[in-house]
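Chain A is fixed; fit chain B onto it per the hints.
Letter by letter, the chains look like this.
Protein chains: 2
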Amino acid sequence: MNYIEPSSHYADIENGELGNNSGRYEKKLSNMEGIYADNVAFQQAVKSGGEEIVYKVTDKHPAARHGDMIIGMTQMQPGLIGDEFYVTRGHIHATANRPETYYGESGEGLMLMESPDGQINIQELRPRVMCYVPPFWIHRTVNIGSEPLVMTFFYPADSGQDYEIIAKSGGMKSRIVADGTGWKEVPNLSYTPRSDDEIEQVLATADKED
Amino acid sequence: MNYIEPSSHYADIENGELGNNSGRYEKKLSNMEGIYADNVAFQQAVKSGGEEIVYKVTDKHPAARHGDMIIGMTQMQPGLIGDEFYVTRGHIHATANRPETYYGESGEGLMLMESPDGQINIQELRPRVMCYVPPFWIHRTVNIGSEPLVMTFFYPADSGQDYEIIAKSGGMKSRIVADGTGWKEVPNLSYTPRSDDEIEQVLATADKED
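Going down the list, the protein sequences come from chains A and B. The first sequence finishes on residue 210 if you use our numbering, and the numbering steps up by one all the way, no holes. The second sequence finishes on residue 1210 if you use our numbering, and the numbering steps up by one all the way, no holes.
Same shape as in the complex, but just chain A (with noise of 0.2 Å):
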């Protein structure tokens, strides 16, 4: 038997990445294309700073994969597309019924949740602050402040993640806009409703031991 080396991972909050980390990606703002309600300011921004890379993960993934774990940070840059808040592109896991936490290390955001039903939910995220997403919520990070936001996470190494779960929709049900110096929630106004259908499929990704 083989066992997994024990390691250790420094989580870098002022650089914004996990130590000993095996992996990394990168977003551009050219990368977050049909995300943002104004198209038109979007477009103004990728002309002016499509090149500038609005979050990054780095993380460390084992060798081994179900019942195992994967430990990350991410590091998101402030800004606004028209009056909306910067956000990540968002995702349910692949497998639904897999969660994950984040815990704020810098910076003031917002974990923004869907049900597939359509529930919304809507935490702080804070320094020393934890963030449970349960089982089977869509969720997706807004940096409602004006310093990059700085998160560790932590999720089963089997989850996966479905970004298209969010386009198929027509984005998130909710936005999150800038309110005076504060923020608030706002429909999303080209959201459509899943199905029952598609709510069911949804359901079905849950292993079978659930």
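Hints are not guaranteed to be accurate.
Distance windows between CB atoms, simulated [as the list claims (entries may be wrong)]:
| # | chain 1 | residue 1 | chain 2 | residue 2 | range |
| --- | --- | --- | --- | --- | --- |
| 1 | A | R24 | B | K1047 | 47 to 57 Å |
| 2 | A | Y25 | B | K1047 | 54 to 64 Å |
| 3 | B | E1014 | A | K47 | 44 to 54 Å |
| 4 | B | E1051 | A | K28 | 54 to 64 Å |
| 5 | B | Y1003 | A | G79 | 28 to 38 Å |
| 6 | B | S1195 | A | S195 | 55 to 65 Å |
| 7 | B | D1197 | A | Y3 | 16 to 26 Å |
| 8 | A | G50 | B | Y1010 | 15 to 25 Å |
| 9 | B | Y1003 | A | E124 | 38 to 48 Å |
| 10 | A | D12 | B | G1170 | 38 to 48 Å |
| 11 | B | N1188 | A | R24 | 36 to 46 Å |
| 12 | A | D197 | B | N1188 | 53 to 63 Å |
Facing chain A, from chain B, some residues (calculated, C-beta under 7 Å) [stated by the list, open to error]:
| # | residue |
| --- | --- |
| 13 | N1002 |
| 14 | I1004 |
| 15 | S1008 |
| 16 | A1011 |
| 17 | V1040 |
| 18 | G1067 |
| 19 | M1069 |
| 20 | I1120 |
| 21 | Q1123 |
| 22 | Y1132 |
| 23 | P1134 |
| 24 | G1160 |
| 25 | Y1163 |
Read the hints as simulated data drawn from the structure, not as lab findings. Glycine included, C-beta positions come from ideal geometry on N, C-alpha and C.
Here is chain B on its own, set in the frame of chain A:
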């Protein structure tokens, strides 16, 4: 379908407790019988302060089990029994192919880990350092500082804990003792290696999908 509600949890480092928790336990010094090498020193310490709470754990268990995760916080007092630093009881997961991530919040500690075949691995626990404990490793925390050691932790909800594995082998293979102002690893003279059959029994607790 009733979806579990998302939740937020403030990690209160000062008080060593996870906010909005659903579970708690505490260990007194008198509960730690048989853990330390110097039993005379242990009995004296119990006589003078056996009701002292040496560590406490607060956590959030989700409603669901398989595929879900548990998050929590441990606060552990500093101290010595003879020259041996205060430790937690330690455990392996009852479903042994389940990992755990510990995340240093304050204080100075070590994660002392042992594979079923008797390999020892030691990682430092410091603020903003994550220690990834892979599947199949017995693990115990050691407070090597003079202040409380506070950690948050994250692990699969269907892991379970087997605390007996350490007692059966006469303790973990190594002990952590004071060495001047630092620490050193010394052999545990009461330790008996696991037999091949015992190792097989541990590995057999892994779930079938692994």
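Status of each hint after checking the structure:
Against the hinted window of 47 to 57 Å, the Cβ-Cβ separation of R24 of chain A and K1047 of chain B comes to about 55 Å, which satisfies the hint. At roughly 58 Å, the beta carbons of Y25 of chain A and K1047 of chain B sit within the given window of 54 to 64 Å. At roughly 48 Å, the beta carbons of E1014 of chain B and K47 of chain A sit within the given window of 44 to 54 Å. Here the CB-CB span from E1051 of chain B to K28 of chain A is close to 59 Å, well matched to the stated 54 to 64 Å.
A C-beta distance of roughly 31 Å is found between Y1003 of chain B and G79 of chain A, which places it inside the suggested range of 28 to 38 Å. Range check, S1195 of chain B to S195 of chain A: about 58 Å between beta-carbon atoms, so the 55 to 65 Å window is met. Judged by the Cβ atoms, the range 16 to 26 Å given for D1197 of chain B and Y3 of chain A holds: they are separated by roughly 18 Å. A C-beta distance of roughly 38 Å is found between G50 of chain A and Y1010 of chain B, which places it outside the suggested range of 15 to 25 Å.
Between Y1003 of chain B and E124 of chain A the beta carbons are some 20 Å apart, a value that contradicts the proposed interval 38 to 48 Å. Between D12 of chain A and G1170 of chain B the Cβ separation comes to about 40 Å, which falls inside the hinted range of 38 to 48 Å. For the pair N1188 of chain B and R24 of chain A, the beta carbons lie near 40 Å from each other, so the given range of 36 to 46 Å is met. The hinted range of 53 to 63 Å is satisfied by D197 of chain A and N1188 of chain B, whose Cβ atoms lie roughly 60 Å apart.
With a cut of 7 Å, the hint placing N1002 of chain B at the interface with chain A is violated, because the nearest CB-to-CB distance is about 10 Å. Proximity of I1004 of chain B to chain A holds as hinted, the smallest CB-CB distance being about 4 Å (cut-off 7 Å). Contact between S1008 of chain B and chain A, as hinted, is supported at the beta carbon level, the nearest pair being about 5 Å apart and thus within 7 Å. Given hint, A1011 of chain B at the interface with chain A, holds; its Cβ is 5 Å from that chain's nearest Cβ, closer than 7 Å.
At a threshold of 7 Å, the smallest CB-CB gap from V1040 of chain B to chain A is about 33 Å, leaving the interface hint violated. Residue-level restraint check for G1067 of chain B holds (minimum Cβ-Cβ distance to chain A is 5 Å; threshold 7 Å). Of the supplied interface hints, the one on M1069 of chain B holds, with its beta-carbon coming within about 5 Å of a beta-carbon of chain A, less than 7 Å. A hinted interface residue such as I1120 of chain B counts as satisfied when its beta carbon comes closer than 7 Å to some beta carbon of chain A; here the least separation is about 10 Å, so the hint is violated.
With a cut of 7 Å, the hint placing Q1123 of chain B at the interface with chain A holds, because the nearest CB-to-CB distance is about 5 Å. This hint holds: Y1132 of chain B has a C-beta 5 Å from the nearest C-beta of chain A, less than the 7 Å allowed. Hint status for P1134 of chain B relative to chain A: holds, with the closest Cβ pair at about 4 Å, below 7 Å. Taken as an interface hint, G1160 of chain B does not check out: its beta carbon lies about 12 Å from the nearest beta carbon of chain A, beyond 7 Å.
The beta carbon of Y1163 of chain B comes no nearer than 20 Å to any beta carbon in chain A, farther than 7 Å, and the hint placing it at the interface is violated.
Checked against the numbered hints above, the structure breaks hints 8, 9, 13, 17, 20, 24 and 25 and satisfies the rest.
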